[in-house]
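*Asks:* Chain residues, written in single-letter form:
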Amino acid sequence: MMVFATLPPKDQFFNTIFYLLERYSGFFIRGVLITLLLSVVGTLGGFILSLFLTLLRTSEVDKRRDSWMTASLKKLGRGFATAYITVFRGTPMIVQAMIFYYGISPLRLLWWTPLVAGLFVVTLNTTAYIAEVIRSGINGVDKGQMEAARSLGFSRRQGMFLIVLPQAIKNSLPAIGNEFIVNLKDTAVLSVIGVFDLFRATQSSTSSNFRVVEGFFIAAVIYLILTYITSKVVNKLDHVMESGKENAHA
Amino acid sequence: MPKPILEIQNIHKRFGQQYVLNGIHLDVYEKEVVTIIGSSGSGKTTLLRCLNLLNEPDDGHIYFMGSDLMDPKTDLEALRMHIGMVFQSFNLFNQKTVLDNCTLAPMKLLNLSKEDAVDRAMTFLKKVGMQDFAHQSANRLSGGQKQRVAIARALCMNPTIMLFDEPTSALDPEMVGEVLQVMKNLANEGMTMVIVTHEMAFAKEVSDRVVFMDQGVIAEMGKPEEILVNPKEERTRSFLKRYTTS
Chain A
48 MMVFATLPPK
58 DQFFNTIFYL
68 LERYSGFFIR
78 GVLITLLLSV
88 VGTLGGFILS
98 LFLTLLRTSE
108 VDKRRDSWMT
118 ASLKKLGRGF
128 ATAYITVFRG
138 TPMIVQAMIF
148 YYGISPLRLL
158 WWTPLVAGLF
168 VVTLNTTAYI
178 AEVIRSGING
188 VDKGQMEAAR
198 SLGFSRRQGM
208 FLIVLPQAIK
218 NSLPAIGNEF
228 IVNLKDTAVL
238 SVIGVFDLFR
248 ATQSSTSSNF
258 RVVEGFFIAA
268 VIYLILTYIT
278 SKVVNKLDHV
288 MESGKENAHA
Chain B
79 MPKPILEIQN
89 IHKRFGQQYV
99 LNGIHLDVYE
109 KEVVTIIGSS
119 GSGKTTLLRC
129 LNLLNEPDDG
139 HIYFMGSDLM
149 DPKTDLEALR
159 MHIGMVFQSF
169 NLFNQKTVLD
179 NCTLAPMKLL
189 NLSKEDAVDR
199 AMTFLKKVGM
209 QDFAHQSANR
219 LSGGQKQRVA
229 IARALCMNPT
239 IMLFDEPTSA
249 LDPEMVGEVL
259 QVMKNLANEG
269 MTMVIVTHEM
279 AFAKEVSDRV
289 VFMDQGVIAE
299 MGKPEEILVN
309 PKEERTRSFL
319 KRYTTS
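Chains as they are written, first to last, in this note's numbering: chain A, 48 to 297; chain B, 79 to 324.
Here chain B stands alone, though its shape is the one from the complex (with noise of 0.2 Å):
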């Protein structure tokens, strides 16, 4: 197999007394789909939000692309700018246009011409059916409309990686169902992803791996077959029992 393009070694976080992260071993390969799965608490989404250093971990390494994110000496924002994110709650630039939230990093960070940036912003937003709503106020769309939107701006930057912390859980039902199909185009196109969710039949479609957290481990880690029908854990099996029963 080749080098894994993200390495996470033993990853420790605490927020106060609370131990949140409790040695977290993970690789991802390139082209792989990762899906993170657990209750609220088990600190699926911080272990999300260290891969990209928004929460900084106590103790460890992740090594992307050969780079240890936790060396000070890293030039962090250089790196993120390879490492997309999607947010539960969207995110989107308030006061900004829907193309002016694709364009921006591109250009401030990526230097790009303004008819360049428009290009590709509107590139991917054809990609995630957005491209009518360009000049659009971002404010004024509907929830699965902004993240679609936020994938798009996400890639404007042509990540490597690109990592969604629950991206249907803020949604209306009737939304989940538009953005789950753009990401799986996005897999199906062989973008590297990691993702947080609890959306259990999308995760078993789309999912190399499956990784179930639990109390800030890893409890179970393996394809969806043997993780989400076939579970060994006590503790994976009563969870989905409780997802699938409510």
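The shape of chain A in the complex, shown without the other chains (with noise of 0.2 Å):
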């Protein structure tokens, strides 16, 4: 049953919230959802790419055992790899979002959706960001670690992914958290291309009725409530983590 069956007059502002929720209730799930889903594919996809680029990245031209074949495709390897992060921290994900939506569009691929352009474009843009904290958990990660690896008779590519990785992925978890909280908010730019995520499920409860105040201060709440439990969730791991150094010294 509708409580608020008519819209409120424009000095009730709660009154207007209220009715606002309710009238469109089923707009704003589904725009958490759309909102939820870009964040979490997006930081776990971009998490598993940026494997891919450390790779590149970390490969190592040996100029003695190197064939030229091997030195020039590590040396592409990771000239792409820092041509990619380059790219994309230096350009806002809103205007990635435009050339990759309209420039794949006149393809006319079925499948070729706002959301599964807004979820191919935070992928790659969470990609290049987690590709910086994964590398500078490397870096933080004892170079002894690595030494022991090889003079066990572990190549440079099993150190890595057996010793060092681990080490520095436990290290950036808090790290990468983060980068889960900056996409929440950062995916209402995705609301440039049609994704119905809950900036723009928000404006199209206000479209018609022009109580946008209203209807954003909803969508701050919301956005508040995410960001909120989501910061808490990190800094327990922090704290976990931090305890667990702890230990490691006494």
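The hints are simulated quantities; they were obtained by calculation from the structure and are not laboratory data.
It should be emphasised that the depicted structure is a prediction, and the values quoted were computed from it without experimental measurement.
There may be inaccurate statements among the hints.
Calculated lysine to any residue pairs in the SDA-like style (CA-CA distance at most 20 Å, straight line) [what the hints assert, rightly or not]: (1) B:174 / A:122; (2) B:174 / A:193; (3) B:186 / A:208; (4) A:122 / A:209.
Just so you have them, the derived chain B footprint on chain A, three or more residues with Cβ under 8 Å [what the hints assert, rightly or not]: (5) 190-200; (6) 265-276.
The C-beta atom is built at its ideal place from N, Cα and C for all residues, glycine as well.
Build the complex from these two chains, which are given one at a time in their own frames, with help from the hints.
*Replies:* Here's what the structure looks like:
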């Protein structure tokens, strides 16, 4: 049963909010779910893809042992990874979204919907940021770890994936959690290509009644709840790991 | 005399403008214990790290059981499996248990089954007196315990030769003895060892040969009594004097 069947007068701020929540609950729920989907897929996908970038970026040319071919491929890979990170961190995601969505749309692929394009862009974007996070995580791992691995007979790649990277990822988890928080907020820009995220859902809820401030007040509170909960979880994670480190020195 | 396990021929190494090794010749024979002494900056650690190419010499040859480590076609990883190394700062794998530190390389590189790798690890952990700590995190051990585990980890690959890079320099004084004892036992069992150390009493007791390095070259080399008691070279004498007085 509808409590607020009609739109309250303009001076009734909170009544308007309740009206919008009741009337457009479906929009808001769908918007939250899409925002969460974008953030989760973007962060997890970005994490996985960033490992490939890391693989490319940490390959070192061995002047004496690598063939001309191997050395060139390694250099090409490093160049690609560096260029990728520079481009995706150096341009706004809203611009990336426009280029990818409208760039690929003329191919008339049935599955190339705004949501798919949005998932694609947020993943590519997050990849660049998490690659930087993992790089600093790798720099934070004692060089002796790789040397010990090499002295036992592991290749550089085995040492990286068996010994160094697991430690780097563990140390990077709080920063990767931060990327998730950033994504919760920044995926709002994907509404520009028509992704029905929380931002777009709010816009739709207020497009016929022009109660924009009330609508986006709701959006702000929802965003705040999402980021607050996530940051609590990340802090907890951080805390658990810090106490782990203290034990390590005891 | 039989053929040496390790032949070091005319090794040169520089870091930037700094010449660290200026033509080193050294042969190491089976079951021999060679200790390298010298003041800091003499190049002894760099020399040791060149022996498994953790530092790559700029020039020269290192033959390990007949293969030239410096030849680009040599399978370096396969040869390193036979050259155990123990570091000053232990370098145990963080976030792993003592047992996992010891079983990782045998399982991944020698394709041992888990049971076999654990059996082997427990044998060597027992040897260094660390079997009771097998399931503890490596991060929680004392320095002396860490170094003993590091020795066991290297032994799990059944190396032909063991390299020790100042294995007791990062330890509190009361922990030095336990590590040196493990090394003495190894030497007595006939392990071929090259040891960089500042422990002169230990060097005298355990070595077959002592190498004194100064400014990137071997200044003097011989039996422990010759080098540590009656050195011929003036610079060896002044180095030892600094050690016995300090």
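*Asks:* Hint by hint, note whether the structure agrees.
*Replies:* Going down the list of hints, with the structure as the test:
At roughly 33 Å between alpha-carbon atoms, residue 174 of chain B and residue 122 of chain A are farther apart than 20 Å, so this suggested pair is violated. Restraint check for residue 174 of chain B and residue 193 of chain A: satisfied, since their Cα atoms lie roughly 15 Å apart, inside the 20 Å limit. With a CA separation close to 12 Å, the supplied pair residue 186 of chain B and residue 208 of chain A stays within the 20 Å bound. Only pairs whose Cα atoms come within 20 Å are accepted, and residue 122 of chain A paired with residue 209 of chain A is rejected, the gap being roughly 23 Å.
Check on the segment 190-200 of chain A: 9 of its residues sit with their Cβ under 8 Å from a Cβ of chain B, so the three-residue criterion for coverage holds. Counting residues of the segment 265-276 of chain A whose CB lies closer than 8 Å to any CB of chain B gives 0, so the stated coverage by that chain is violated, three being the minimum.
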